[in-house]
Amino acid sequence: MSLFPLVAVVADRPGLTDALARRGCVPTPAETADVLVVDAASADAAAVRAALTGGRGVVVLGAPAGELGGELAGVVAGVQRGADTASGSLRPAVRVERDTEIGEDLLARVDLGALRTCASLDLQHPARPVLAAGGLTVAATTGSAVVLAVEPDAAAPAGEQSFAELVHNAVCSVAPRGGRRLDVVAAHPLVASDAWLGLKAAVTDLRELQAADGSVPEATDHADAARHVARLVAGIQAMAPELPHDADYLEALVKDFGRWAESGFGVPDFYDSLVAFAPAQHRVDGQMHLVVFPMYTQNGNPNRQVEAVLLEVIWPDFVAELEGGDYSNKLFLPIRFLDFTAGYDTNSAVLFPETVAMREVPAFTWGGIFADREAARFRRVVSEAAAVTRLSLPPDAARLVADQELAERAFVMWDLIHDRTHMHGDLPFDPFMIKQRMPYFLYSLEELRCDLTAFREAVALEAEGHPYARSVQYAVLFDRIFRFAITGDRTRNYDGLGGQLLFAWLHQKGVLHWTDNRLTIEWERVAEPVLELGRAVEDLYWRSIDRPKTAHWLAAYHLVASVLTPHPLSAWARHRDGDLAALPLDGPPKGLTDAVLPDEFPLSMFYEALSKKMKDVIESTSGITGASA
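With the first letter of the sequence shown counted as 1, position 255 gets the number 288 in our numbering; the numbers rise by one all the way through.
Treat the hints with caution; some may be incorrect.
To be verified - Computed beta-carbon distance windows for the label pairs:
#1 Thr398 with Pro277: 16 to 26 angstroms
#2 Glu565 with Ala225: 34 to 44 angstroms
#3 Asp238 with Thr86: 48 to 58 angstroms
#4 Ala225 with Ala54: 22 to 32 angstroms
#5 Gly357 with Ala496: 49 to 59 angstroms
#6 Trp575 with Val394: 23 to 33 angstroms
#7 Thr398 with Pro190: 19 to 29 angstroms
#8 Thr398 with Ala615: 13 to 23 angstroms
#9 Ser122 with Thr598: 16 to 26 angstroms
#10 Pro222 with Asp378: 50 to 60 angstroms
#11 Pro62 with Ser361: 33 to 43 angstroms
#12 Ala420 with His315: 13 to 23 angstroms
As the list claims (entries may be wrong) - The list that follows gives simulated cross-link-like pairs (lysine to any residue, SDA-like), each with its CA atoms no further than 20 angstroms apart:
#13 Lys542 with Arg558
#14 Lys648 with Asp459
#15 Lys582 with Arg423
#16 Lys623 with Ala606
#17 Lys363 with Asp378
#18 Lys363 with Arg392
#19 Lys646 with Lys363
#20 Lys645 with Glu345
#21 Lys645 with Ala660
#22 Lys582 with His608
#23 Lys582 with Pro601
#24 Lys542 with Thr524
#25 Lys623 with Leu597
No lab work stands behind these hints: they were computed from the structure.
For every residue, glycine included, the Cβ atom is placed at its ideal position computed from N, Cα and C.
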């Protein structure tokens with residue numbers, strides 16, 4: 034089963050195959066296609082029947098004359114040609130959903146004014162209407178088939194594009210879906226090996242004896258700690274032959290553990306083994322690594338206790354091509370969990386070298402992001418959020434939410450562009466701003482800038498026909514507005530603030546609506562406001578190259594506060610409203626940072642309600658992996 038629908042256009046529709054290919058579909062012969070696109074007037078009824086009974090999908094393009102395909106009558110359950118010709122403006126008939134938890138919007142990105150009817154349809158159960166004109170049905174869905182008795186309006190500039198979008202939506206709706214793709218997340222044999230299980234148990238026992246700084250402070254525990262280290266080292270040595278590409282690192286790791294034990298289990302120093310570990314130098318899809326360090330885990334365990342992780346690299350050809358072209362990022366390491374110890378049974382989705390206990394900081398050569406965890410929690414959260422908000426997803430977005438491998442690849446592409454953006458652009462400050470102390474909304478804008486850059490590049494790549502580009506746009510949008518905004522506590526939650534800002538911006542631009550307790554998004558219009566927000570942040574940065582730090586901070590606050598409502602007790606808000614004495618502008622910047630409230634921009638009423646309904650699902654993503662999603 035392909036990540037993208039395998040489609041065969043068995044119809045006289047010039048340009049339709051290419052249009053579907055530019056949207057990610059894979060042209061293929063009819064015999065191997067997931068979906069057949071056929072003309073009602075000339076379709077081979079036997080081929081259509083075989084496709085439907087074989088679990089494949091069919092999209093029928095209606096004809097202006099004759100019975101519905103003649104021989105097709107009765108093949109597509111519940112649909113036949115109507116006696117009357119429909120006229121008048123096209124409009125959605127009813128909201129159409131598949132029998133899944135997420136409704137789907139077959140009309141996403143379709144300009145109905147650019148289409149015209151070519152027939153009417155009479156429906157019986159189980160068929161459901163999609164489009165109507167003049168009181169008659171002109172498009173319908175039934176089981177694994179969609180019938181479209183519409184065609185491009187030759188007088189409309191967007192006719193061919195809208196028709197292609199409609200057919201693409203129909204194809205994605207009826208194509209078989211990959212679900213979790215167990216072939217991708219199946220356990221590696223080493224996960225069940227005695228060597229790994231023994232190593233993992235030794236790490237678990239050793240952690241019980243460690244203090245927050247990684248030391249084993251009680252002398253009475255040193256004998257037990259030495260035994261645990263010996264077991265751990267034995268596991269490393271037993272697994273080393275399976276990992277020849279990490280030979281230097283594993284050898285240095287054994288020496289670091291030995292030196293730590295011999296020196297009395299003080300604060301650990303694993304500088305030598307960290308420097309020897311260079312996984313980004315040879316990024317190979319599926320290559321496995323054993324990582325063992327005393328370290329803290331971001332958004333996980335704050336203590337520098339020993340962790341052990343089995344992981345594999347995610348490096349498909351399309352990512353290698355992107356990285357080898359305009360999106361060079363030599364440190365970027367997308368990875369997938371195979372197994373781990375307690376510090377990663379948390380919300381942590383990164384493996385960064387700066388978290389390791391070491392005597393000095395080297396020049397880092399890699400940074401790992403667990404794309405499988407990102408994708409898995411995205412899928413779970415977006416699935417629930419769509420159900421809670423009654424959001425109808427475009428069919429290709431629904432496929433993304435349903436398929437772990439597709440989501441992983443979208444996140445790898447997003448992360449590749451996001452990560453490199455921290456070092457690119459008109460930057461008024463040190464790009465390693467996380468090391469600086471400043472108001473948390475500045476971190477929000479920097480992380481959002483990188484995400485919006487990924488969105489912008491995905492829009493450009495979509496125009497070039499990149500198959501994953503639209504999935505990246507969905508991932509950025511949905512993860513930001515559904516997961517980021519309501520994950521974590523409200524104390525200086527800079528990622529949460531970025532999600533709030535994006536949602537409110539799109540709402541105020543009139544492309545996202547919360548009406549009748551239903552969330553809707555105008556998919557044909559949403560990209561431009563997202564790009565506009567990105568330009569607003571970029572303009573802030575460009576102008577601030579010429580500004581003092583305090584002026585930049587104030588300008589950044591004005592940007593955020595122009596969209597989100599600050600806390601009523603905010604000193605920053607009072608200053609923005611004209612009370613110049615509200616902020617200590619005559620002192621060091623520390624005073625301005627201290628004046629920012631822990632929750633400077635509280636959740637809106639929409640997000641308060643959504644957060645309560647999503648709380649259990651958000652919490653359930655702690656420790657999630659691609660295999661457990």
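Hint check results:
Checked against the given bound of 16 to 26 angstroms, the beta carbons of threonine 398 and proline 277, roughly 19 angstroms apart, stay inside it. Between glutamate 565 and alanine 225 the C-beta distance comes to about 51 angstroms, which lies outside the given range of 34 to 44 angstroms. Between aspartate 238 and threonine 86 the CB atoms are about 57 angstroms apart, so this pair conforms to the stated range of 48 to 58 angstroms. A beta carbon spacing of about 42 angstroms between alanine 225 and alanine 54 contradicts the range 22 to 32 angstroms that was offered as a hint.
The supplied range of 49 to 59 angstroms is broken by glycine 357 and alanine 496, whose beta-carbon atoms lie about 21 angstroms from each other. Between tryptophan 575 and valine 394 the beta carbons are some 31 angstroms apart, a value that agrees with the proposed interval 23 to 33 angstroms. For the pair threonine 398 and proline 190, the supplied restraint of 19 to 29 angstroms is violated, since their beta-carbon distance comes to about 51 angstroms. For the pair threonine 398 and alanine 615, the supplied restraint of 13 to 23 angstroms is violated, since their beta-carbon distance comes to about 46 angstroms.
Checked against the given bound of 16 to 26 angstroms, the beta carbons of serine 122 and threonine 598, roughly 39 angstroms apart, lie outside it. One distance hint, 50 to 60 angstroms for the beta-carbon pair proline 222 and aspartate 378, is violated here, with the actual separation near 22 angstroms. A hinted range of 33 to 43 angstroms for the beta carbons of proline 62 and serine 361 is consistent with their spacing of about 38 angstroms. One distance hint, 13 to 23 angstroms for the beta-carbon pair alanine 420 and histidine 315, is violated here, with the actual separation near 43 angstroms.
A distance of roughly 10 angstroms separates the Cα atoms of lysine 542 and arginine 558; the hinted pair therefore holds under the 20 angstroms criterion. Restraint check for lysine 648 and aspartate 459: the C-alpha separation of about 38 angstroms exceeds 20 angstroms, so the hint is violated. The suggested pairing of lysine 582 with arginine 423 is violated, with an alpha-carbon distance near 44 angstroms, which exceeds 20 angstroms. The hinted pair formed by lysine 623 and alanine 606 meets the criterion: a straight-line CA distance of about 18 angstroms does not exceed 20 angstroms.
Simply put, lysine 363 and aspartate 378 have alpha-carbon atoms about 28 angstroms apart, too far for the 20 angstroms limit, and the pair is violated. Of the supplied pair hints, the one linking lysine 363 and arginine 392 is violated, its CA atoms being roughly 25 angstroms apart against a limit of 20 angstroms. A distance of roughly 41 angstroms separates the Cα atoms of lysine 646 and lysine 363; the hinted pair therefore is violated under the 20 angstroms criterion. Between the alpha carbons of lysine 645 and glutamate 345 the distance comes to roughly 36 angstroms, so the proposed pair goes past 20 angstroms and is violated.
With a CA separation close to 27 angstroms, the supplied pair lysine 645 and alanine 660 exceeds the 20 angstroms bound. Pair hint lysine 582 plus histidine 608 holds up; C-alpha atoms about 17 angstroms apart against a cutoff of 20 angstroms. Pair hint lysine 582 plus proline 601 does not hold up; C-alpha atoms about 25 angstroms apart against a cutoff of 20 angstroms. For the given pair, lysine 542 sits about 28 angstroms from threonine 524 by alpha-carbon distance, which is inconsistent with the 20 angstroms threshold.
Of the supplied pair hints, the one linking lysine 623 and leucine 597 is violated, its CA atoms being roughly 24 angstroms apart against a limit of 20 angstroms.
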